[in-house]
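Asker: Chains as they are written, first to last, in the numbering used here: chain A, 94 to 669; chain B, 42 to 484.
Careful, some of the hints might be misleading.
Unchecked claim - Sample of chain B residues at the chain A side, in silico, Cβ under 8 angstroms:
no., residue
1, 188
2, 193
3, 207
4, 239
5, 242
6, 257
7, 279
8, 454
As the list claims (entries may be wrong) - The following residues of chain B were derived to be distant from chain A, with all beta-carbon distances above 10 angstroms:
no., residue
9, 93
10, 189
11, 348
Unchecked claim - Each pair of labels, with its calculated beta carbon distance range:
no., chain 1, residue 1, chain 2, residue 2, range
12, A, 245, B, 292, 51 to 61 angstroms
13, A, 316, B, 303, 54 to 64 angstroms
14, A, 272, B, 231, 19 to 29 angstroms
15, A, 235, B, 292, 48 to 58 angstroms
16, A, 445, B, 303, 28 to 38 angstroms
17, A, 406, B, 102, 37 to 47 angstroms
18, B, 303, A, 506, 51 to 61 angstroms
19, B, 171, A, 460, 38 to 48 angstroms
20, B, 252, A, 245, 26 to 36 angstroms
Just so you know, the hints here were simulated from the structure itself, not pulled from any lab data. For every residue, glycine included, the Cβ atom is placed at its ideal position computed from N, Cα and C.
In case you want the letters, here they are:
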Amino acid sequence: MLRTWRLFALSASLLACTGHGGLHPGGTPPPDPEAPPPVTPDAGLPSEPEIPPLPDGMTVPSWVLLHRLDVFEYNNTVRDLVGAGAPVFTSDHLGYDQGTNGGFVRGGSVVGAEDARNLLSSAEEIAAVVGQNLTTLVPCASAPASRADEDTCADQFITRFGLRVFRRPLDDSERQRLRALYQQLRGPDTADSFSEAITDLTTAMLQTPEFLYRRELGPGAAIKDGMLIRFNGYELASRLSYLFWGSMPDEELFNAAAAGKLATTTQLVKQARRLLADGRSRGAIEDFHAQIVEVEGLESAGKDPSFTDYTPALAHALVVESRDFAASVYLGAQADGKLASLLTSTRAFVDGPLARYYGIPAPAGSGPQPASLPAGQRAGLFTRGAFLASKASGDQDNPVLRSDTILRRLMCLSLPEPIDVNIPAVPDLRPNMTTRQRFEAHGMLACAVECHQKIVDPIGYAFEHYDATGAWRTTDNGQPVDSHATIVFPSEKIEFDDAIALSAILARRDQVHDCMSVQWLRYQLGRQEQLPAEQPTADALAQFYRGSDDLRELMVALVRTRTFTHRSLSPGEPTP
Amino acid sequence: MKAFRLARRDLLRRLGLGAACLPLLRAPRARAGTPRRHLVIVQMSQGYRQAYWRPATGSLLTQPLPPTLEPFGDFKDDLIVLPGLTNPGAGAAGRGAYGVMFYGLGVTGTGPYREPTGATLDQIVGRALPAAGGRPSVNLGVMLDRAPQATTMPGGKFCFWAGAGQPIEPVGDPYVAYRDLFAAPGIDTPEVRRLILRRKSILDYVGTDLEEYGKRVGTPERETIDAHLQSIRDLERQLPMVTQSASCSPSAPPSPPINLTDYASYPRILDLHVKLMVAALKCGITNVATLQLSDAAAGNVNLAAFIPGLPNRAAGYATSTLTWRDVGHNPVMGGVDLKKIVDRWFMARIADLLAQLRAATEDGVSLLDDTLVLIGNPVDDGSNGSAQRIPWMLAGTLGGALNAGNCLASEGHPIASVMAGICEALGVTRHPYGEVLPGLKRV
Numbered sequence: 094m095l096r097t098w099r100l101f102a103l104s105a106s107l108l109a110c111t112g113h114g115g116l117h118p119g120g121t122p123p124p125d126p127e128a129p130p131p132v133t134p135d136a137g138l139p140s141e142p143e144i145p146p147l148p149d150g151m152t153v154p155s156w157v158l159l160h161r162l163d164v165f166e167y168n169n170t171v172r173d174l175v176g177a178g179a180p181v182f183t184s185d186h187l188g189y190d191q192g193t194n195g196g197f198v199r200g201g202s203v204v205g206a207e208d209a210r211n212l213l214s215s216a217e218e219i220a221a222v223v224g225q226n227l228t229t230l231v232p233c234a235s236a237p238a239s240r241a242d243e244d245t246c247a248d249q250f251i252t253r254f255g256l257r258v259f260r261r262p263l264d265d266s267e268r269q270r271l272r273a274l275y276q277q278l279r280g281p282d283t284a285d286s287f288s289e290a291i292t293d294l295t296t297a298m299l300q301t302p303e304f305l306y307r308r309e310l311g312p313g314a315a316i317k318d319g320m321l322i323r324f325n326g327y328e329l330a331s332r333l334s335y336l337f338w339g340s341m342p343d344e345e346l347f348n349a350a351a352a353g354k355l356a357t358t359t360q361l362v363k364q365a366r367r368l369l370a371d372g373r374s375r376g377a378i379e380d381f382h383a384q385i386v387e388v389e390g391l392e393s394a395g396k397d398p399s400f401t402d403y404t405p406a407l408a409h410a411l412v413v414e415s416r417d418f419a420a421s422v423y424l425g426a427q428a429d430g431k432l433a434s435l436l437t438s439t440r441a442f443v444d445g446p447l448a449r450y451y452g453i454p455a456p457a458g459s460g461p462q463p464a465s466l467p468a469g470q471r472a473g474l475f476t477r478g479a480f481l482a483s484k485a486s487g488d489q490d491n492p493v494l495r496s497d498t499i500l501r502r503l504m505c506l507s508l509p510e511p512i513d514v515n516i517p518a519v520p521d522l523r524p525n526m527t528t529r530q531r532f533e534a535h536g537m538l539a540c541a542v543e544c545h546q547k548i549v550d551p552i553g554y555a556f557e558h559y560d561a562t563g564a565w566r567t568t569d570n571g572q573p574v575d576s577h578a579t580i581v582f583p584s585e586k587i588e589f590d591d592a593i594a595l596s597a598i599l600a601r602r603d604q605v606h607d608c609m610s611v612q613w614l615r616y617q618l619g620r621q622e623q624l625p626a627e628q629p630t631a632d633a634l635a636q637f638y639r640g641s642d643d644l645r646e647l648m649v650a651l652v653r654t655r656t657f658t659h660r661s662l663s664p665g666e667p668t669p
Numbered sequence: 042m043k044a045f046r047l048a049r050r051d052l053l054r055r056l057g058l059g060a061a062c063l064p065l066l067r068a069p070r071a072r073a074g075t076p077r078r079h080l081v082i083v084q085m086s087q088g089y090r091q092a093y094w095r096p097a098t099g100s101l102l103t104q105p106l107p108p109t110l111e112p113f114g115d116f117k118d119d120l121i122v123l124p125g126l127t128n129p130g131a132g133a134a135g136r137g138a139y140g141v142m143f144y145g146l147g148v149t150g151t152g153p154y155r156e157p158t159g160a161t162l163d164q165i166v167g168r169a170l171p172a173a174g175g176r177p178s179v180n181l182g183v184m185l186d187r188a189p190q191a192t193t194m195p196g197g198k199f200c201f202w203a204g205a206g207q208p209i210e211p212v213g214d215p216y217v218a219y220r221d222l223f224a225a226p227g228i229d230t231p232e233v234r235r236l237i238l239r240r241k242s243i244l245d246y247v248g249t250d251l252e253e254y255g256k257r258v259g260t261p262e263r264e265t266i267d268a269h270l271q272s273i274r275d276l277e278r279q280l281p282m283v284t285q286s287a288s289c290s291p292s293a294p295p296s297p298p299i300n301l302t303d304y305a306s307y308p309r310i311l312d313l314h315v316k317l318m319v320a321a322l323k324c325g326i327t328n329v330a331t332l333q334l335s336d337a338a339a340g341n342v343n344l345a346a347f348i349p350g351l352p353n354r355a356a357g358y359a360t361s362t363l364t365w366r367d368v369g370h371n372p373v374m375g376g377v378d379l380k381k382i383v384d385r386w387f388m389a390r391i392a393d394l395l396a397q398l399r400a401a402t403e404d405g406v407s408l409l410d411d412t413l414v415l416i417g418n419p420v421d422d423g424s425n426g427s428a429q430r431i432p433w434m435l436a437g438t439l440g441g442a443l444n445a446g447n448c449l450a451s452e453g454h455p456i457a458s459v460m461a462g463i464c465e466a467l468g469v470t471r472h473p474y475g476e477v478l479p480g481l482k483r484v
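Given these sequences and hints, build the entire structure.
Answerer: Written out as structure tokens, the structure is:
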């Protein structure tokens with residue numbers, strides 16, 4: 094169930110790649126790490142003004158967590174590694190992604206033989222595709238005439254394909270171990286043919302931690318920079334590619350790393366802009382926002398049969414539409430990168446069933462078409478069906494769930510769960526009792542007043558015009574919907590009529606802008622920021638974003654932070 | 042991780058063989074001779090309605106069992122009731138304690154879903170009692186993946202851990218578990234042997250690479266790499282095991298497959314998992330089996346779909362679900378204690394597990410005689426959510442090692458003291474749990 098929606102991103106970004114003329118992963122020969130770095134097009138041109146790092150020099154970045162490729166990243170990486178025919182895997186094959194304290198997922202731990210076996214099976218499946226495309230990936234494999242030629246070609250394969258699997262050049266010992274494996278496979282016990290041995294080598298490489306984990310190491314010793322470690326060119330290439338594409342570096346990034354052209358902030362920003370402009374960035378942008386609105390599991394959740402128009406196909410379309418909309422704020426002709434657009438725009442991409450769901454005329458043409466949702470009913474990402482239906486039970490909308498996500502994801506507020514108290518259930522449905530009335534009865538309980546009645550519930554009430562499927566309604570259980578509410582913070586009150594008004598208020602608040610910069614930082618880091626050590630970075634990003642008010646520029650600004658370029662040594666890590 | 046695809050998708054394709062040629066991976070029949078020891082851990086949820094669950098302190102043989110425990114009538118001699126345990130460091134909030142409910146040695150973080158800093162009891166025991174089949178444990182779960190999920194945080198879904206940051210994903214699909222553990226009779230052909238050799242070479246390389254990688258990272262990352270490496274080594278050990286006694290395989294799960302997302306399938310899945318656990322122990326595939334019956338929130342399964350006596354909330358309204366969390370937080374509806382009904386229903390399923398263990402034999406001895414079953418719960422009662430008054434139970438005497446047939450005065454004692462007793466009764470003398478709960482071991 095987990096990650097099915099992330100597969101859409103893969104498909105979408107594949108299409109986007111084609112449409113944008115992106116590099117076809119299997120169609121270009123891999124770079125030769127032993128060849129001299131190519132001359133880049135800007136060589137000899139007048140130098141551009143240097144872009145400085147963000148003013149976060151006081152940050153002491155934490156050490157890097159071991160982050161196994163999640164399903165989204167694994168599939169993207171395989172796609173870009175082997176090209177045409179790349180298999181696509183799900184959580185059933187790779188294990189379920191795990192949440193992190195930063196609110197975004199990473200690949201699950203490998204614990205037990207079953208996990209290892211599934212990684213073996215997946216690697217074998219990918220290796221079979223490599224075996225079929227061998228002459229594309231390694232030209233010498235077309236017709237080696239002798240065993241000696243085959244051995245030489247295997248060496249080339251290890252060096253060239255190994256660079257792309259490890260995302261950096263292999264060192265001598267790593268090449269030697271792979272050569273030894275190749276020779277063993279060609280030996281009398283297994284008697285692999287040349288192509289079988291190359292396929293098995295691939296299977297082996299795809300199970301290495303260098304491939305499976307985003308904790309780039311090397312090549313060579315870590316670069317000390319004062320008390321910190323500065324990432325080398327290959328490590329930065331991966332940090333760039335996984336931030337913007339959720340995938341491995343492309344040839345240009347590998348070449349830049351080899352040529353030492355990822356050493357300055359200016360060079361990093363240049364690459365960041367290039368990656369953002371490439372169609373593959375769509376997948377990462379969609380992934381970020383799908384995790385922000387927490388639509389995971391919507392398609393398999395189902396709804397009460399009384400919602401006769403709500404089908405699995407509609408749920409799927411809602412998720413796709415939500416992702417399409419988020420991406421359209423960053424990419425495409427109408428993109429302006431504004432948070433206000435993300436939170437208030439009525440722009441949408443709908444097909445016939447979605448148009449019916451949103452109460453607008455069916456568009457001409459097949460597939461999702463640009464459209465405008467009813468301005469009085471929808472405004473931005475959090476009034477789309479995917480979020481609203483996800484934050485509801487099968488039969489009832491749930492103001493608390495909706496509010497909880499708004500608070501955590503848009504306002505970066507995490508309210509503590511009451512401890513060791515009986516939290517009474519929200520009363521059952523009764524005839525003529527609206528959802529709001531049920532939750533208000535609950536919120537008046539003494540234990541719930543401070544958080545629920547003043548902050549949590551009012552935000553949720555703003556969304557009372559949307560039922561358990563996210564469809565618009567004017568009555569609830571026979572009574573008129575009341576979506577007017579007031580949030581009572583200790584220092585201010587915020588009053589609004591409905592979710593449309595609330596979204597507009599949120600879009601203007603510095604708190605929400607700051608939170609958005611924190612969320613992108615967490616997505617890039619794969620963890621929550623460490624305070625106070627990394628506070629300067631969070632502050633600098635927030636300051637930058639308030640000034641630019643452009644989410645695309647915010648993404649690019651991430652590469653200007655000290656947390657992007659540096660890390661601390663892990664506890665117990667060998668000192669360089 | 043979930044699916045076992047090796048046989049169907051890879052092996053058959055490579056060998057061009059038919060559907061009968063399922064996995065390479067299976068366990069040999071266990072040794073004869075030295076007595077084996079087994080541990081089964083069942084994770085329950087939302088505590089118990091104490092008034093209907095808790096017996097008087099003292100012998101169970103001289104008192105009628107409370108209503109919730111009545112299904113254990115045939116197992117009074119085996120039962121140890123442990124009310125009011127504490128889980129220091131787990132915090133007080135109910136769902137936050139779920140991830141550390143079988144840890145008991147301190148926790149990381151103060152977030153809503155806590156995680157252990159090391160391995161949980163199942164792994165401590167499983168590593169100390171290696172089975173011939175090479176698996177430290179078999180971990181199963183019922184409908185944990187069914188939407189809606191309360192969280193993706195590991196501490197909200199996993200309660201068994203190989204180490205810090207290493208939750209063990211239980212297998213939820215009994216068909217997958219069956220294929221993985223037993224499947225069809227093994228095949229042993231030159232092609233299969235060659236495939237095994239190729240895979241052994243590959244895995245050996247991967248293991249060496251992991252070892253080298255582990256030398257370059259820090260301690261926290263090394264724990265993750267070590268777990269990964271151990272997984273590779275476990276798989277390597279399983280590769281050569283081509284043959285297995287057919288008498289050790291359980292009946293295959295029913296065909297056509299049951300619907301794994303239909304609420305009504307819950308008892309069928311649970312029943313199949315119980316059969317698989319018993320068979321895995323009997324066959325020597327593992328000495329430790331765990332069964333998760335819910336995630337931390339326990340809010341994704343409609344109990345009314347399969348537990349008799351629960352009202353269908355849909356009557357007259359548009360509602361459809363009644364989850365474990367619902368009845369935990371709001372146990373009495375319309376004058377009926379629904380949680381009491383739920384508690385008893387689950388106890389009956391666990392009593393069935395005990396009955397199956399008793400009926401199974403190894404070397405002429407009832408499996409129950411060699412097995413200890415821990416029935417754990419993260420909180421006292423769903424309506425108070427207290428993680429510091431925990432009701433646990435044990436079943437099994439292990440040849441008289443434990444003071445079975447009693448409700449012990451365990452209030453205020455840490456769960457670690459119970460886990461210490463479990464380890465020592467199983468013969469695991471090196472454990473991290475400290476002193477044994479007074480009265481747990483038979484003097």
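Asker: None of the hints should be skipped; say for each whether it holds.
Answerer: Against the structure, the hints:
1. Given the 8 angstroms rule on beta carbons, the hint for residue 188 of chain B holds: about 4 angstroms separates it from the nearest Cβ of chain A.
2. About 3 angstroms separates the beta-carbon of residue 193 of chain B from the nearest beta-carbon of chain A, less than 8 angstroms, and the hint is met.
3. At about 4 angstroms, the closest approach between the beta carbon of residue 207 of chain B and any beta carbon in chain A falls short of 8 angstroms, and the interface hint on this residue holds.
4. Hint status for residue 239 of chain B relative to chain A: holds, with the closest Cβ pair at about 5 angstroms, below 8 angstroms.
5. Hint status for residue 242 of chain B relative to chain A: holds, with the closest Cβ pair at about 5 angstroms, below 8 angstroms.
6. Look at residue 257 of chain B: its Cβ gets to within about 5 angstroms of chain A, closer than 8 angstroms, so that hint holds up.
7. For residue 279 of chain B, the suggested interface contact is upheld, since its CB lies about 6 angstroms from the closest CB of chain A, less than 8 angstroms.
8. Interface restraint check for residue 454 of chain B: the shortest CB-CB distance to chain A comes to about 19 angstroms, outside 8 angstroms, so the restraint is violated.
9. Under the 10 angstroms C-beta cut-off, the non-interface status given to residue 93 of chain B relative to chain A holds; the minimum distance is some 18 angstroms.
10. Residue placement check: residue 189 of chain B does not keep its beta carbon more than 10 angstroms from all beta carbons of chain A (closest about 5 angstroms).
11. Listed as outside the interface, residue 348 of chain B is consistent with that label: its C-beta sits roughly 18 angstroms from the nearest C-beta of chain A, beyond the 10 angstroms cut-off.
12. The supplied range of 51 to 61 angstroms is met by residue 245 of chain A and residue 292 of chain B, whose beta-carbon atoms lie about 55 angstroms from each other.
13. Here the CB-CB span from residue 316 of chain A to residue 303 of chain B is close to 56 angstroms, well matched to the stated 54 to 64 angstroms.
14. For the pair residue 272 of chain A and residue 231 of chain B, the supplied restraint of 19 to 29 angstroms holds, since their beta-carbon distance comes to about 27 angstroms.
15. The hinted window of 48 to 58 angstroms between residue 235 of chain A and residue 292 of chain B holds, with their beta carbons roughly 52 angstroms apart.
16. Judged by the Cβ atoms, the range 28 to 38 angstroms given for residue 445 of chain A and residue 303 of chain B holds: they are separated by roughly 30 angstroms.
17. For the pair residue 406 of chain A and residue 102 of chain B, the beta carbons lie near 60 angstroms from each other, so the given range of 37 to 47 angstroms is not met.
18. At roughly 38 angstroms, the beta carbons of residue 303 of chain B and residue 506 of chain A sit outside the given window of 51 to 61 angstroms.
19. One distance hint, 38 to 48 angstroms for the beta-carbon pair residue 171 of chain B and residue 460 of chain A, is violated here, with the actual separation near 56 angstroms.
20. Separated by about 29 angstroms at the C-beta atoms, residue 252 of chain B and residue 245 of chain A satisfy the suggested range of 26 to 36 angstroms.
Of the numbered hints given earlier, the model fails hints 8, 10, 17, 18 and 19; all others are met.
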